[in-house]
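Protein chains in written order, with this note's numbering: chain A, 1 to 351; chain B, 1 to 303.
No wet-lab data here; the hints were simulated from the structure. Being a predicted model, the structure only gives us computed values, none of them experimental. Honestly, I wouldn't trust all of these hints.
[What the hints assert, rightly or not] In silico lysine-lysine, BS3-like type, Cα no more than 30 Å apart, as pairs:
#, chain 1, residue 1, chain 2, residue 2
1, A, Lys238, A, Lys18
2, B, Lys102, A, Lys221
3, A, Lys221, B, Lys111
4, A, Lys238, B, Lys263
5, B, Lys102, A, Lys177
6, B, Lys289, A, Lys221
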Amino acid sequence: MICGGLAVGTLLLIEEDKYGVYSNLLFKYFLAEGVVCGHDLFVASAKELPTNILKELPAPLLDDNYRNELGEATAVKSEDFQDFMKIAWRYQNLPKVEVSPTSSARFGHYYDVSKTMSSELLQSIKCHSFFLPEELSLQPTIKMCNMNCGYARLLQSIQKIIYQEGFDGSHPQKKQKNVLRIGIQSLGAMLWGDDICSTDNPEDTHSLTKFLYVLRGLLRKSLSACIITVPAHLIQNKAIMERVTNLSDVVVGLESFIGSERETNPLYKDYHGLIHVHQIPRLNSLICDVSDTKDLAFRLKRKLFTIERLHLPPDLSDTVSRSSKQDLAESAKLLSSGCGAMAIGKKHLDF
Amino acid sequence: MRATRARAAFPHAHVPPRRAFRPSAAAVGAAGRGAMFAELNELLNASPQRPEQGKFTLLRDTRTDGSFLVHHFLSFYLRAGCKVCFVALLQSFSHYNIVAQKLGVSLTAAKERGQLVFLEGLASCLDMLFGEEEEEQAGQPRPLRFISESTSDLRALFDFVRTSLAPAAGDAWPGRVLLLDDLGVLLSLGASPVAVLDFIHYCRVAVCSRLQGNVVVLAHGGEDSEDEENELVVTSLCHHSDLILWAEGLATGFCKDVHGQLKIIRRASLQPGGERDVLQTYQYKIQDKNVTFFARGLSAAVL
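With the rest of the complex left out, here is chain A:
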């Protein structure tokens, strides 16, 4: 979905769905993949204890038969990221989406959402955590760039780990190069001490963007990749979200149907929400790999979270009444092509 993986040194930003249900799930998938790959983890949160987050990671499916049942591996970008490593982005494309056949090497792992990861597996890797209430009480406040104190402290913490553990190449005598996966939950929320989610005219409109810029620098200079969830639906100052998007490599927005009128819309009856791709990375090349469609939807089955291409149900003019035809057309209008498209217009789609 996003060019076959999250490259080392880049940032993935997820705009949370209204209740944070699915963004949290993707967040945990990212961390779980890190555990299975043997990467180090850095988990930061202002509201949940990182140890609790880690206790709820989905368990990996290591049964080959089950995997074969579900279908083949995901699309892999053929372009070479040179000396960047690819980290598996946890998703599944069912055969409906065009996948380019790859080598037999598996790309990514599968997870069972109904089970949690065993603690033995979790203990096999190194986890660093950052829980804001604890951090703030430990040390006196620091001043960095006139930035929000919580963000400044988090940057300091990340930089310290990167340097001490040698992710930036500062300890060449270390035998094996490893990757650091950084996960930051609900950045920008009030619990971080930022008021961009609570008012239209926040006191400090630059803290979050400064944070992202410095973080970008840290990521580019080290063997790390980062996922951040942001409660974008709460940020009223849209200019901030535009700037945040420009400063991130990949931006994905989740829109869940919980409590919205789309829940009952027949168009979306099989799905739990939509995925909007707002930004894709264009790294080390002129071109970027934009998939053919950007109308993606997701659903959470009992054990699996899947992402599929959204397609309209057939327009059966005999059985469908005039009013629901209008509904479908309205919904069709909302199928935008991701990064910038205008409305299709109040026309029925003729198949």
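Knowing the structure of chain A, use the given hints to seat chain B on it.
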């Protein structure tokens, strides 16, 4: 095909090409050698052998990524033998280097021979925040000082640009160019719109007027943007630019064969003679080492 300067009845009327645009053999040959975008040079009537002087070019993008234009101008001016000061705020050096190599230019070599002064914003910011104390006292330049200090002016950044491009003894590079990618980052880092406009103004005076050099700046943003500060800066710069290259995503959404539309606006109204501005519109497709341009609706996929 040379760009025609017809007198339009209306200020920003579209001037259609007289015939379907076909790149000349020379352009194709140059593109084959992995040069900068030869077709774009044709459209702009520009050549590395005789780069213009004293020009301010604004690169804009709306609903798409216009950074391919930055790569073009970087390799163009290095080929033209100008000394280039590149303020690269958004991406790392290796990113630009890898793309430049596809276009036939080595940034590492250019840096070593003193032709390219490269400010990697991300690295400079990190050094400033997490660097050792001794470095600070040693008088190391801190061009991005405005991020950490309460003064919101970009004086330190301007000083960096000025000293980078100042004429030096034994300088082998006749031309001077300032390239900036991108302006929105300055606003995101806390600079006020007025400070950004002041900075650009000072750069224009120093580079375009005094040194007879060129300035090329990339800014994002579009009509439906909610970022008022950014719109203010971009609109203001539009009025003062000699040339505007505006890359826009297609209004109808993503298309595999046409990645976007490029508007080329020559501000003839700024020059003595007071002629009308000339607007030309082309569509483009970005490939691995090149960008091809064609008249609207005449993509190779369609014909």
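Results for each hint:
| no. | hint | result |
| --- | --- | --- |
| 1 | A:Lys238 x A:Lys18 | 17 Å, holds |
| 2 | B:Lys102 x A:Lys221 | 23 Å, holds |
| 3 | A:Lys221 x B:Lys111 | 20 Å, holds |
| 4 | A:Lys238 x B:Lys263 | 27 Å, holds |
| 5 | B:Lys102 x A:Lys177 | 29 Å, holds |
| 6 | B:Lys289 x A:Lys221 | 26 Å, holds |
Of the numbered hints listed earlier, not one is contradicted by the structure.
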